[in-house]
Every structure is written in C-alpha cells, then in structure tokens.
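Participant: Residue numbers (this note's numbering), protein chains in the order written: chain A, 1 to 961; chain B, 1001 to 1285.
It is worth saying that the hints were derived from the structure and are not from the lab. One or more of the hints may lead you astray.
Here are the simulated BS3-like cross-link-like pairs (lysine-lysine), alpha carbons at most 25 Å apart as the crow flies [unchecked claim]:
no.: 1; chain 1: B; residue 1: Lys1138; chain 2: B; residue 2: Lys1228
no.: 2; chain 1: B; residue 1: Lys1106; chain 2: A; residue 2: Lys831
no.: 3; chain 1: B; residue 1: Lys1106; chain 2: B; residue 2: Lys1199
no.: 4; chain 1: B; residue 1: Lys1227; chain 2: B; residue 2: Lys1091
no.: 5; chain 1: A; residue 1: Lys371; chain 2: A; residue 2: Lys412
no.: 6; chain 1: B; residue 1: Lys1198; chain 2: A; residue 2: Lys831
no.: 7; chain 1: B; residue 1: Lys1256; chain 2: B; residue 2: Lys1186
no.: 8; chain 1: B; residue 1: Lys1138; chain 2: B; residue 2: Lys1204
no.: 9; chain 1: B; residue 1: Lys1270; chain 2: A; residue 2: Lys831
no.: 10; chain 1: A; residue 1: Lys831; chain 2: B; residue 2: Lys1199
no.: 11; chain 1: B; residue 1: Lys1278; chain 2: A; residue 2: Lys831
no.: 12; chain 1: A; residue 1: Lys831; chain 2: B; residue 2: Lys1138
no.: 13; chain 1: B; residue 1: Lys1227; chain 2: B; residue 2: Lys1127
no.: 14; chain 1: B; residue 1: Lys1119; chain 2: A; residue 2: Lys831
no.: 15; chain 1: B; residue 1: Lys1106; chain 2: B; residue 2: Lys1186
no.: 16; chain 1: B; residue 1: Lys1106; chain 2: B; residue 2: Lys1091
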Amino acid sequence: IEELEMRYTTSVDKGLTSSFAREVLERDGLNELKPPKGTPEYVKFARQLAGGLQCLMWVAAVICFIAFGIELGRGNLTSFDDLYLAIVLITVVVVTGCFGYYQEFKSTNIIASFKNLVPQQALVIRDGQKNQINANELVVGDLVEIKGGDRVPADIRIITSQGCKVDNSSLTGESEPQTRSPECTHENPLETRNVAFFSTTCLEGVATGVIINTGDRTIIGRIASLASGVGNEKTPIAIEIEHFVDIIAGLAIFFGFTFFVVAMFIGYAFLEAMIFFMAIVVAYVPEGLLATVTVSFTSTITSVCSTSVICSDKTGTLTQNRMTVAHLWFDNHVHAADTTEDQSGQSFDQSSETWRSLARVAALCNRAIFKPDQEGIPIPKRIVVGDASETALLKFTELTVGNTMDYRNRFKKIVEVPFNSTNKFQLSIHELEDPLDLRYLLVMKGAPERILERCSTILVKGQELPLDEQWSESFQTAYMDLGGLGERVLGFCHLYLNEKEFPRGYQFETDDMNFPTSGLCFAGLISMIDPPRATVPDAVMKCRTAGIRVIMVTGDHPITAKAIAANVGIISEGSETVEDIAQRKRIPVEQVNKSEARACVISGGQLKDMSSDELDEALRNHPEMVFARTSPQQKLIIVESCQRLGSIVAVTGDGVNDSPALKKADIGVAMGIAGSDAAKNAADMILLDDNFASIVTGVEQGRLIFDNLKKSIAYTLTKNIPELTPYLVYITVSVPLPLGCITILFIELATDIFPSVSLAYEKAESDIMHLKPRNPRRDRLVNEALAVYSYFQIGAIQSYAGFTDYFTAMAQEGWFPLLCVGLRGQWEDVKLQDLQDSYGQEWTYSQRLYQEYTCYTVFFVSIEICQIADVLIRKTRRLSAFQQGFFRNRVLVSAIVFQLCLGNLLCYCPGMPNIFNFMPIRVQWWFVPVPFGILIFVYDEIRKLGVRRHPGSWWDQELYY
Amino acid sequence: MAKDGEKSDWKEFLWNPRTREFLGRTASSWGLIFLFYLIFYTCLAGMFALTMYVMLQTLDEHRPTWQDRLSTPGLVIRPRADDTFEIVYTKEDTESWDLYAQTLDKFLQPYNDSLQAQKNHECAPDKYFIQEDSGEVKNNPKRSCQFNRTVLQSCSGIDDRYYGYREGQPCIIIKLNRVIGLLPGKDNQAPYVTCAAKKDDADKIGELIYFPPNGTINSMYFPYYGKKAQVNYSQPLVAVKFLNITHNEDVNIECKINAENIPVGGERDKFAGRVSFKLRINSKN
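So that you can see chain A by itself, here it is in the shape it has in the complex:
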C-alpha cells in the first residue's frame, strides 16, 4: 500500500490534492473511452460510389454525356436518349450507393456504446474531503469509494473492503459475483481479488481504493481498443458478392474492350466505338442486381449460412446465466432437481423426512429475499436480492416447499452469522414454528468439508445416525461426484439447542459464538450450477448433423466448462479427453495417444504456453474442444486459429470481453437481452431471444437464403446475354439496332426486379440441414457451372427468342432478314427519307426510327417472356418444378403477374414511344418467343432429370450449379 502511495503520489486517507489531480487530468485526459478515429462519413459514402461496377457505370455515364455533348454541338437536338441514359446510370449508382452506405452506417457505431458504460458520478476523496464529482474527471491516484449498486468508475486497487462483491460477468464471463478485498491473490490482474474494474458493477458491500488506470488504459478500454483494432472481417456473403461483382466487372470490361477494338477495326469512328463500349457495359452489367441483393438478401442471417465452426461463449448463451439447484444428496442418494427454465422437468421424491429437514435448513439459513410485488411473475424469473447461490436456494425452496418468506416468518430468526472466508459457513438460530416447543434451532450451511467437520450425526430417512467412517466415505464420494459435474456444492446441517441450556431470551453473541457450532446433525448436500438452456442440447445436435462444429470458449473454470459441455453435447457421450483416457487406463497423461481423444479441454493457462501451430494442431486433432479460463485476447487467438484452418467461424457472446472475438469472427453473434452494447455493436447479428438454438435456425435460414440468392443471381445473369447479343450483332452484322440501352435499363431496373426478389421466398428443395457447410474456397456463390449454364445455354436460347421475334417484326413490316444485314448505315442515315424496304415501299427516317423502337419493344417482350420461363426453372436447382409446385411461392406468382402488367403498361401507355422508346406492338409478337420459353422450361427439366438420375456423372458435374 505504501508502494502504491509512492507510485501514485497519493495518500490512502486524504487522497490527492485537487491541484495535483488537475495536473494529472491534463496529462492523462478525461477518464473516458475515446472513440477510434473513423473514416470520415463522406469518404465512406464515396467508397460506396466507387465499387467495380459503379466505376464502370460512371464511365458509361461520362461517355453518354460526351456523346450527348457532341450531338448537341452538331446542333442535333432530336436525341435526348444519351442524356437520359447518363442520368439514369448516375441515379442507379447513387441510389445503390445510398443503400450500401445505409447498411454500413448501421453497423459502425461501436465505441458509442462503450461510452454508456461510464458511471456518471463518483465519490472521490481529495484534500481529505469526500466530493461527488463527474466520473470522467477522475485521475490516476484518486481515492474513491464505491458501494453496492455503483458502477466502478475506473480500474481500482482496493484498499479497504467490507463484503465488497463485483459482477465481472461482462468482462470475464464468470456468472458468480466476485469478492473484492485488499489482498493480492494472483499475479494476473484479471484474476486477482484486489482490483475492481472499470464499468463492472459493485453488487454489495463498500470499498475504497486507489485508481490505477483511467480511460483507455483501463482493462475495458484495452478491450475496446482491441475490438476496434481488429479489422472488421467481411461476412462471407459480402466476400462472395464482391467476388462475383469483380468477375462481372472484369467480364464487362473485357467484352466492352474487345468490341471496341473490333468496332475500330471494322472502321467505325472513335466516338461510335466508345458508344458501343458504353452500350455493352450497360447491357452486360446487371444494374438492378446490387439493389436487389442489398434489399432482399443481405439480412445478416445470410452470413451464417456458411458457418462451419461456432465458438460459443458458455455463460448466458449455452447456459441460463442463473445459478440453479441441480442436485441434492440426502439419504445416501443423489437426487436430481429440475433445472429447466420453465420447471417442466421431473422432480425428485420429496417424501423423506430428511428432505424436510434439509429444505428447512436451506430455507432458513438464507439471506436472499424476493423483491416485493412479484406475485404474478413465475418464480424462476423473479428478481432476488442476494448472491447467486442464495438466490438459487431461495428459488429452489420457493418452488419445492412453497412460500419461503412466510415460512421464515414462522421460524423467527434470532441471530445470524453471515458467511465469511475464514469460517466458510453461515449460520442462523431460529425459534421453532410450534409455540409450545421452546427449543431453538440452529441451522448452518457452508463448504461441505467444513460442515462435515462440525457434524457428529447424520440424518438418514428422518433418523439421526452417528456419523461413522462409512457415512463419511459415502459423503466424500457424493461430494466428489457433484464437484466433478462442475457444480458448486454446499453442505447443510442443523441442531436443536437444548431448551435448558438455551432458554428463551438467551443472549446469543455472534462474535464469541456462545453456542455450539460442532456436534451438529448433517442434513445433506445441495449442489448448484448454471444449467444449460433446455434447447441447447438439441441445437448442438442439429449443428452436428449440419456439419457444424461447436467449440466452447469461456472465461469460466475448466471443470464447470467441461461439465456443461458434456451436458449440452459439445463433448458427446463416450468422448474422452486425454486426461480421461489416462485415468481410465491408469497411465500417465504423456503416454496417451492424443488422436484417441476426441475431446479436449484447454485452459487459458495452457493456451498461453501454446504456439499457434500447436493450437491449430489441437483444433485439428480433437473434434470436440472446450476452452476455459480464456482472456479476450485468447478468444481472438482461437478464432484466428479456426480461420487459419479454413473454417468460417461464428462467435457467440454477450460480454464486453467477447467483443474483439465477435468482431474478428466471420459472423459475430451477440445476445440481444443479456448482451452488452459493446458486444452487440461488434456483432454482425443479434439474437433477440438469446437462444443458441436460434443460431441453428439462423444457419438453416441462411443456407436457404444462400441457395435462393444463387437462384436469384442465376436468374438475373441470364438476361444479360440477350441484352448483349443485340449489340454484338448490331456491330458485327450491321442490322438495325434490335435493343436500345434505355430498354435494357427498363428490364434491369423495372420488370426483372420483382421476380428476382421473389426467388428469396422460395422454399428449400431438400433437407438443407443434413448437408455439410459449404467450403468457402470451392462452393462459391457464383460458380463456373452457374455462369456457364446461365450465359451460354439459357441466355443463348433467350437471345434466339429475341432475334426470332425481332426478325419477325421486321419482316412483317416489310424488312426481310437478309435485307436487314448490312442495312445499318442507310437505316440510321438521318437525311435519307426514302429508303426502300423489301417490298419497294419507301420509308422516312422517323418511320424507320419508330420501327426500330418497335424492335426494341419486341425484343424486350421476348426477354420478358423468356424470363418468366427462367424464373420458373430457377425455382429449383435439382428437383423438378412439378415437385416443387408452381403456386407455393405466392410472391413469385404475383411477381410474374406484376412483371407482365408492367410490360403491358410500358408497351401500351400513350406517350411511351417518345419518352422511353416503347412502341405499342402487335399482340401476335408477344407469342413469338413463347415456344422458346417452353424450350427453356423443357430443357431445364431434362437437365434436372439428368442431375437427379445420375448424380456424380458428367452431366451432373457440368450442369448442376
């Protein structure tokens, strides 16, 4: 303590002087967590506008502007198409950018919530006087006082303490309150008893202490900076989409550039070639896709689909974060209590006399009380004032015996000795319920071995029997068994005090204990644990079948961790750790063949000595892993190690200590109810019901959405080919342009959006939870088979449909296909007003232009019709569409109807020809592409049939996406 005074130039009773405190404040800054330097908002926004596709679209827009400028310069005011196009392109980029920015914005305010953890006021002793000051003005060396209910204002070295307990669960994950006292118990600051941490809560007692760290230098500050220092890992789905966008952008440039060169080579003017480049980019880039994906698919649930490892925190995620009585030992039997959340489990036999005595001790020797006015609330959910084990006992007695408060009133408490660390027991003396019985009842509970020492008899089936060797031994076995389950065991005993020796009104002294504290009668053991949630074992099982590995990473003790892990199935039945094998075979641990052990429990201490290679090795060798007593950094190391092994890691957690790992994980999952704000902010996803089982549901949904996203992308990509081919044919064969840029944008941004979104509502094709998680290196979102099948097969059929319809419309209006070839120059000659068609009729330029618009519309309609067939085939990748059912996805059906209506509106709404280049086309031309639509459907059914009939065949490999 003197050393402390020296180091911080403070005084244990007077505190700092205010002037010195001010100096230090200036030196160290405010006692606050500083938000990390973020990228400025406009940079973030700009980044959203500068993605691969976005850049391409900017280029296209600029080319449009230039083209428009040149046209304008030539005095040709007739064509505003280029200007329209440029504006639409820019709008698309900006709107998608806004979406993206909004998405990003939602997930970035991390430190903001750390701020909320800072206490507002603190009681500080300066110049020998107690002052209430703002906590952010505290400095190192300040002497502060904390009491129950306060938030600890900084990292504090405790100097004096009276029953001070703090709740460290948000920091370390331990669910029990920790005692804080002046003695140093451990070298590790996180383990030692004499330091209370910033932002933890003082539950009870009073303490004074010297501040040793403030602001960002506190433990929590370090975790915060660790969390913000960890790069925000992109979610796997984001990586997939980026990968896909890169490919698309690359291909667009490739196509555009190739045809630019070709066009130059054929002899087009530079400007014309540039416009071709622009048009090809517009045709090839799926403009609507980014918006579709952002709107309907990037619900974070999508990210969990590819999870292959879940690193789960124990407390609060797997367990209920509530000490509950799990087992009782009396009458030489272990009885299991009901630990389920809703008390739906089996109870034990309560007929024994011993049980009654045990329950009485448990009820009386307990200081915890319910907060008033909670009658309507189920017992397990009621709020209790008291420490965790007393709470557990109170709730337990309330559930089994009945109204404990009333019960206690009947046995009037005379005196009590609270628990302390030297005695390790707690006792109280009560009057008996029966007013005629004048004896006093002494009840005691405490550490089992200490209780046993004080007992001379044992209660068996209501009989007091002498406590002999045999009973001692069975006690020991029971104690070891329960301890081995990771449970906290308490012993209970009682004694009826002789009414002669201790008559009514006897003055019991608690300090010198003028009453017997030995020779008691042992009643039984009660063990408590933070029990697993009821749904967790099932969920873990499901993860297993879905090929997802669950690793427990906790700050709790290894034994508890292992017990819970075994309980929920993380360590499955029959799996042994190296230590277990050693014990069974009675050989030293070193001789055990490590590969025999499926399970492994590693504590933080062991982890510290392991190299990352060793850790990787351990993760590879033991499929069932439990990490206990881990620090936040170590959680991070574990996550990194899993990622090195190629897994997609999901981390669940609730505490501040989990936040770095949550951020590092591919998918961070925070608890919605119990989770600290820091954890929630670091997470990609928040479980609203705190239920681990929801993650499994999430995985299931995520996999479904991943599949559906694949279908949606396949659908969207397909039409890029029939959009692109008109240009290619136009450039190379010089036919009148079959499909204009504005029309393409209408397909991309209007009619096709709804079907592609509706695919998100498609039901799963098979039991997706029996498949292995996808391999992120091999099973891409957009794989070769998908692209090739969409582009070169379905897309090709669609192109043929479009051209058939185009040539039909041209021929029926008088322009035969062979005449069309090479016609471009004359067709587009503004000055040529009497161009002859195949029948010898003469056409003015405008008449030809409207004919061209008719072609656009006809091509548009063909793509529409084929896309309807396309969306029907995309419903399934493997099953027949008949097996999936056509009308089960109502959204999809209505999307098709809507698409058709929109198509009709565009075609037949007056004014369209001059605004958007849509012409009212003849009804017959709607039916020309129908055979091609049927062909698409039939062809895909054949493909699926082949895939189903011959799994693994060439057909399957090449055509299954």
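Take the given structure of chain A and dock chain B to it, following the hints.
Facilitator: Relative to the frame of chain A, chain B by itself:
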C-alpha cells in the same frame, strides 16, 4: 508470399502438368464440352432457322403483313445534294448548279416518253388503276401507268436543259414515297402538292408554278402493288418552279401533300406528308 502463391496458382490454372489440365480441364474434358456445345448450338440454330423459315413462309410476297408505320407517306425532293435539304447556288456560277441539273437529268431519265411508252400502259386518267387478283390466280405482273417526262413541261429538262437554274427560276421535283396499296384522295379527288414559305419568308417566295397543273397527282398512279408485282412502276412526280424568288436570301419552303385520307404526319416526323427545304439563289447583280 501471397502474391507468389497467386501467381503459381494462375500458372497451374493455365497449364497443370500433373493432371495435364489446360484452364482447369483435361483435353478430353474440353473435347466433351465442345461437343456438347456444338450439339447444343446446332440444335438451337436449327430451331432458329426453322422458326425463321416458318415465319418467312407466312409472309405475303407482294404485300407486307403490316404497314403500321406508313400511314402517312413521306415526301422527298429532288435534286438533293450532299445529303442536305438545302439548295444553294449562284446564278452566274455554272459550276454551282450544274450538279443539280445533272442529278435531275439522271433522276428523270426513266421518265423519258419513249421509255415510258415502251414499258408502261396508257391508263385512263382520274381513276385508280386497280388490278385485283382473282382469287388464287395472281394477276402478275401488274401493269403500270405511264408518267411522261413531258408532263413536267418546263421542268422536264427537255426545253430547258438547266431546269431554270440558270435563270434563277429553279425547278424542284417532289415525289411521294411509295406505299403499297395506298389510295390517296377520296371520291377520286386527286391529291395535290402545295408549297409555301415558312412564316417570315412569305414575302420572299414569289410566284410558283406547278407541273402537272395545280400540283395534282393523278389517281391512276395508285395503288402501288410492290416492286415484285409492278416492276416498272413509275412514281408520279410534281415539279415546282420558283418564278421570282427573292435572290441572295434564305427562303425556307415547305411543301405538303393534300389529300383527305392522308393524315397529317406527326410533329416529330418532318417528312411524313410534307417536306421542308431551304432555297437560296445568289445573284451577282
């Protein structure tokens, strides 16, 4: 390190000597894929060809299925130089108008009376020259009516080789675009062409004279049966001669066809049923 890995990855992707894979596929795999696509595209192309063939079979040889765009036939002027609708020349400078005269010469060549008499039929004027097919029996080839160059009189280039350009009284020839089946004018009221100056230039245009008289297009030249059935069809012409147009100034002129059953062309089409051009005759005097 990572870069290196990527590089060798690429190399291996290009040619993997272990598995003998080129771009991720072995030769036989590539072969199969090519075969597959060969068959696939052959079938597709076959289907395309078939549908196109069927579609072409449904077309009438002589009459387009639809004439949605051609309700108002276009008007076109001759001579036309340099793809513009401006006729600008200097009276005294022969070279500046010689080209116009030559164009007209060439244009009117097929209308020579001798050629017309040789190829075409002398029709009864003032009524449609209808030659219907009688059911299945096609009445082909169909005859066409004579349009003799001499009808254009002083704009025919026979009397005045220079079509009035030398005198500063130029002829402009206007033709109506051919549209199959078009019967302009109602109740045998023949359509006629009128020309007028645009807004400010009204006082500059001076006197006009039309050939044939009143700019009438005789009904006997309609209907048109298409270039296949009516090989020698002679498109009727109207010539306009500007007798005393203001020299050394731009004169904007619009000519249009007047017929009751020809709708006025849309705002956007400047050449449907009308034609605008600029005439400027420079004179050194």
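Participant: Run every hint past the structure and note whether it holds.
Facilitator: So, going through the hints one by one against the coordinates:
no., hint, in the structure
1, B:Lys1138 x B:Lys1228, "12 Å, holds"
2, B:Lys1106 x A:Lys831, "20 Å, holds"
3, B:Lys1106 x B:Lys1199, "33 Å, violated"
4, B:Lys1227 x B:Lys1091, "39 Å, violated"
5, A:Lys371 x A:Lys412, "20 Å, holds"
6, B:Lys1198 x A:Lys831, "20 Å, holds"
7, B:Lys1256 x B:Lys1186, "17 Å, holds"
8, B:Lys1138 x B:Lys1204, "53 Å, violated"
9, B:Lys1270 x A:Lys831, "11 Å, holds"
10, A:Lys831 x B:Lys1199, "23 Å, holds"
11, B:Lys1278 x A:Lys831, "14 Å, holds"
12, A:Lys831 x B:Lys1138, "37 Å, violated"
13, B:Lys1227 x B:Lys1127, "21 Å, holds"
14, B:Lys1119 x A:Lys831, "32 Å, violated"
15, B:Lys1106 x B:Lys1186, "33 Å, violated"
16, B:Lys1106 x B:Lys1091, "21 Å, holds"
Of the numbered hints listed earlier, those contradicted by the structure are 3, 4, 8, 12, 14, 15.
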